[in-house]
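Trainee: Got chain U sorted already, so can you dock chains L, R and H onto it with the hints?
Protein chains in written order, with numbering that gives the first Met the number 0: chain U, 0 to 330; chain L, 0 to 330; chain R, 0 to 330; chain H, 0 to 330.
One or more of the hints may lead you astray.
No copy is singled out in the list; a pair is fine if it fits within one copy or between any two copies.
Simulated pairs of lysine-lysine, DSBU-like, Cα-Cα distance not exceeding 35 Å [unchecked claim]:
{"hint": "1", "residue 1": "K326", "residue 2": "K241"}
{"hint": "2", "residue 1": "K46", "residue 2": "K72"}
{"hint": "3", "residue 1": "K292", "residue 2": "K72"}
{"hint": "4", "residue 1": "K167", "residue 2": "K241"}
{"hint": "5", "residue 1": "K292", "residue 2": "K241"}
{"hint": "6", "residue 1": "K172", "residue 2": "K241"}
{"hint": "7", "residue 1": "K241", "residue 2": "K274"}
{"hint": "8", "residue 1": "K163", "residue 2": "K51"}
{"hint": "9", "residue 1": "K326", "residue 2": "K141"}
These aren't lab readings, by the way, just hints derived from the structure by calculation.
There are 4 protein chains.
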Amino acid sequence: MNSFGRIFRVHIFGESHGESVGIVIDGCPAGLSLSEEDLLTDLERRKGGKQKGTTPRQEADYPFFKSGLFNGKTTGAPIMILFENNNTRSEDYNKQRSIPRPGHADWVAHQKYGGQEDYRGGGHFSARLTTGLVAAGAIAKKLMQGITIRAAVTEIGGEADLEKGLQKAIDAKDSVGGLVECRVNGLPVGLGEPFFDSVESQIAHIAFAIPAVKGIEFGTGFAAANMFGSQHNDAIENMDGKTRTNHAGGVVGGISNGNELVFRIAIKPTASTPKEQNSLNWETGQAENFSVKGRHDLCVALRAPVILEAATAVTLLDFLLLEQQIKRVVS
Amino acid sequence: MNSFGRIFRVHIFGESHGESVGIVIDGCPAGLSLSEEDLLTDLERRKGGKQKGTTPRQEADYPFFKSGLFNGKTTGAPIMILFENNNTRSEDYNKQRSIPRPGHADWVAHQKYGGQEDYRGGGHFSARLTTGLVAAGAIAKKLMQGITIRAAVTEIGGEADLEKGLQKAIDAKDSVGGLVECRVNGLPVGLGEPFFDSVESQIAHIAFAIPAVKGIEFGTGFAAANMFGSQHNDAIENMDGKTRTNHAGGVVGGISNGNELVFRIAIKPTASTPKEQNSLNWETGQAENFSVKGRHDLCVALRAPVILEAATAVTLLDFLLLEQQIKRVVS
Amino acid sequence: MNSFGRIFRVHIFGESHGESVGIVIDGCPAGLSLSEEDLLTDLERRKGGKQKGTTPRQEADYPFFKSGLFNGKTTGAPIMILFENNNTRSEDYNKQRSIPRPGHADWVAHQKYGGQEDYRGGGHFSARLTTGLVAAGAIAKKLMQGITIRAAVTEIGGEADLEKGLQKAIDAKDSVGGLVECRVNGLPVGLGEPFFDSVESQIAHIAFAIPAVKGIEFGTGFAAANMFGSQHNDAIENMDGKTRTNHAGGVVGGISNGNELVFRIAIKPTASTPKEQNSLNWETGQAENFSVKGRHDLCVALRAPVILEAATAVTLLDFLLLEQQIKRVVS
Amino acid sequence: MNSFGRIFRVHIFGESHGESVGIVIDGCPAGLSLSEEDLLTDLERRKGGKQKGTTPRQEADYPFFKSGLFNGKTTGAPIMILFENNNTRSEDYNKQRSIPRPGHADWVAHQKYGGQEDYRGGGHFSARLTTGLVAAGAIAKKLMQGITIRAAVTEIGGEADLEKGLQKAIDAKDSVGGLVECRVNGLPVGLGEPFFDSVESQIAHIAFAIPAVKGIEFGTGFAAANMFGSQHNDAIENMDGKTRTNHAGGVVGGISNGNELVFRIAIKPTASTPKEQNSLNWETGQAENFSVKGRHDLCVALRAPVILEAATAVTLLDFLLLEQQIKRVVS
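For reference, chain U alone in the conformation it holds in the complex:
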């Protein structure tokens, strides 16, 4: 469903090549000073249009507040933010309607919605939908004073030297995957709700809503499977719960322990590779070679950090409100 959250709730809508994308944010505390300006930095980071390896398609991505603000502050009523789509070339997609692009949702969407899906540019499955999420994240971050959320690409195509990883893709005339790491500082102890709503559960839930994410791990993550208990256990060393090591990544028993929250996501290579590919034409029943047209990122991981920060912020703010660590009216 297109909703996430229990107290701070977001509802996403829109399509890549429809009229607009956007988000409704319900349950946002009243009294927060807020303007379009507050969102622009993160929205700009999401566009990534100036980076090597990101798509030259540049939506203006200007956030129009349509409700929920009054006199420059949030009112406690739902905030609706609308982004217009005004830089689309739908004809690129119409031509290849019956050839589902490998790695994209074309075929599953067609099956699921009985052929009624808006297929242009991935429609509702497009990464463009994350625009609204980034806006919500910027608001959530502003509400979480004293808490910092920072995500960054740590690897591209297996290379910690990102330029090198990207160059590999350019040389291969192919797209490439990457890793993004997120670190959160300043979280209180006690976020997370047993049994099903551990911090890891909720963050993983929303992280896998981000297109192209195929894995997530907390702290030492998959490496923990190779460790002994005496190595992995983090010994508490002061009354704030500070631990000597942080193999747990800040979450024990599903609950934040006051240490840095650390997790990583794996992002698959952009499905739209410049390379020629093969797929099945569902009208003819024949396999066909084809090339993806349109403008695409060589490495979507480059745009992922700000989206992951937003997803994290939205999730943690919800926990903070639930745990009554943030008030429903701020001042």
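Mentor: Same frame as chain U, now just chains L, R and H:
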């Protein structure tokens, strides 16, 4: 929260050393033949008491149906299953109340619940809580005819030879982590709900509710971050959506694509290692060396497969009901 | 919260004198032919601008589809409908900011949101918010083929002759309340979910979201309290469940029984009466006489039928989808 | 669904003549002193076995805490309370399986669950299910210090003199309906969440889950439909929001205004009347006269006050937690 699911909903309760653990299953289709017998195989697998490396604590784990069955069939009303706790040695825990065990929820629970938590054996944070989930999973599996869910340990302590991995731990007098892989066959195309409820999102959500899970990946997962798009993309080769490769692990755009669903979880080493450890006594404010008493698994990953199957079954059944692929009255 | 529904979910936003009001509809089946035209009749009924006793404020109330439609059909993705506010006279409200209008939400909103509420014309508490609900209702009705939902005013100011009731108010220079009855035909047996989600529970829930509703009753309702069991019980007389009488109003045990669903709501007189009133100026702490300015309905009950139909349609459609009586892809 | 609440959540299970009924309470604040004793007064009131006009069936109704308590206090983990059914005469029901009792859920349950329902004594539709709700209500009340919730029967069979109303039924050898009024004092201003979760919406939702409820009204309720605005509006007269009159019943714009919360429910006559009735035998397709056997209340309204108090307490506590007026750890 202790609830999961939208149509098929489970509500978990209980503590490790309290009177009982159990589960309420709401939204289960009416008309399913069901008895305690149907649950025993999976419950036995969860206990794992006969395996090298698992705890000698052996609850009877007999499932008492307290509601929801009539004449040997489900009625459509909530099914409550109760497990009595009758093999507990709480005194083991009372002694070390003020020394939070590293890697356990002791300290976070104490902070979150203001010192009111049932600390004995981890209380509500204990892996014993998964008993109810395994029962629900057995019911879910029985409802999903034609769909098979199989999980297995694929590595212990970094060794694909499981005996060898376990022996490493025994030799080191330490606990050890592992990997568990789950494969689901027979799923229809079209499960998963954009934007936030992708198949990956929901499975990851519940997987991270399982104690000790620290990572999850679908298909090639983290390895996808090193691949080119032309390598990772799975070409569709027939009208059922069968793909030549399955790097996506059966999910594209968050939606099941009819291929085998494949994912892996990373399980950290059992927090209760036989090795002496160091922690902070929160009454004295002093660090102390101590040893974990009680009976514990050397490698909890050994018990995880049936729990992961259950979590997966519960999640997929919910999707199937939502997608109207399973009826609310079966016959 | 501003969301309602489990499968067919609506999310409302906006303020009376802000930039817009609107709704996001998530979970709408794909494949429904839909255009602005389909909504205009009901939106026009809601405006009620031509009726004696309704406000002369006439928004254009044109529904802009911002997402979820493609080639004239629903796609299965969220439908966002936006209504612009372009006929507001906010200055009417600014003057009396500190004098909460009796019967309005002014004072409670001020307390709840710490003075941050948009107070103009009731802000988010305005009946203007029902515009989106009416739009969603028109869509829901279109999906429910063979089911008819009809609501009508049955009394104004205690008079079954509506003209007479209205004239009473005009003569008294006062506003007046009324009763609205809703009848639904064609419902299948079996809607409603024990224990908490009876048909009555859900309909009452959403009915009390409509501004000014202060009571609801099903079938003979309050009169049932005076009846004997032998009188009130409806005897089943054929295999379709048709009953001889319908004192239950089509719902037994919280579940639809296949007979006509009948219920009534009580609507209080419009809070904005033309009469002079007395309230407390919260800045001076002094009582003051004042008159409500602005344009208002003498009897809001006149506009309620189409809103109640919409609320009912949205609720019943959700039950139908949950009970799998309507498919998630229509054709 | 068998769940209610957002922060304080209850999950009901059980059948009238099955093994047990009960409730899981999730989200209960930690640190509340609690024992079986705290529940007995309200559970005794629900049984009503000593009152003229209530059923002689007397379950012991002893609440067994199966989880969530430790050292006499709530822990923050789910509280499961089990009631055994040990005084049932199922054979009474078996005989008339194919003759649905008018006014009962027999026929709708049979249709909805494909004949798989537990039909004995109404099964999951029985008023016996309210036992768990009453237990949850007693806990909720204990948490709401300074807030009093009192419900009472105000009319039986149209008579304010309750003895007289009951005698009418006894004389007529019939069952009879009644009215129950609930008054809550001490509520803070600001409970209720626009647009859909008004105080009235949530209370009406849960009130209609109580068997036999057919109407609800707040404040002057249905009488408001006959009033002028200048009469109905409650003028605020001090800075606490105290109003001169209380026609609104303590809720304006769906939000509590700090005045007494007042509402009434209409309860239909007990469906199981001693009088001979007529129904359709669904096996023969023939109408039949029959008499209801078993032990039943002449007037279920007599047992309703404590149930309505519980429903109200559960609902208001949830609002208080949501509004952060009650802490998640009490002391």
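Trainee: Against each hint, give a clear statement of whether it holds in the structure.
Mentor: Okay, the hints, checked on the actual structure:
In this assembly of identical chains, the alpha carbons of K326 and K241 lie at most 35 Å apart whether taken from the same copy (26 Å) or from different copies (26 Å). In this assembly of identical chains, K46 and K72 lie within 35 Å of each other by CA distance both inside one copy and across copies; the values are 26 Å within and 30 Å between. Taking the shortest Cα distances, K292 and K72 sit within 35 Å of each other only across copies (26 Å), while inside one copy they are farther apart (43 Å). Proximity of K167 and K241 under a CA criterion of 35 Å is satisfied inter-copy only: 30 Å between copies versus 41 Å inside one chain copy.
For the homomeric pair K292 and K241, the shortest alpha-carbon distance between copies (24 Å) is at most 35 Å, but the shortest distance inside one copy (52 Å) is not. Only between protomers do K172 and K241 lie at most 35 Å apart by alpha-carbon distance; the minimum there is 27 Å, versus 47 Å within a single protomer. Proximity of K241 and K274 under a CA criterion of 35 Å is satisfied inter-copy only: 22 Å between copies versus 49 Å inside one chain copy. Taking identical chains as interchangeable, the C-alpha atoms of K163 and K51 lie at most 35 Å apart only when both belong to the same chain, with a minimum of 12 Å there against 47 Å between chains.
With identical chains, the CA atoms of K326 and K141 are at most 35 Å apart both within one copy (14 Å) and between copies (24 Å).
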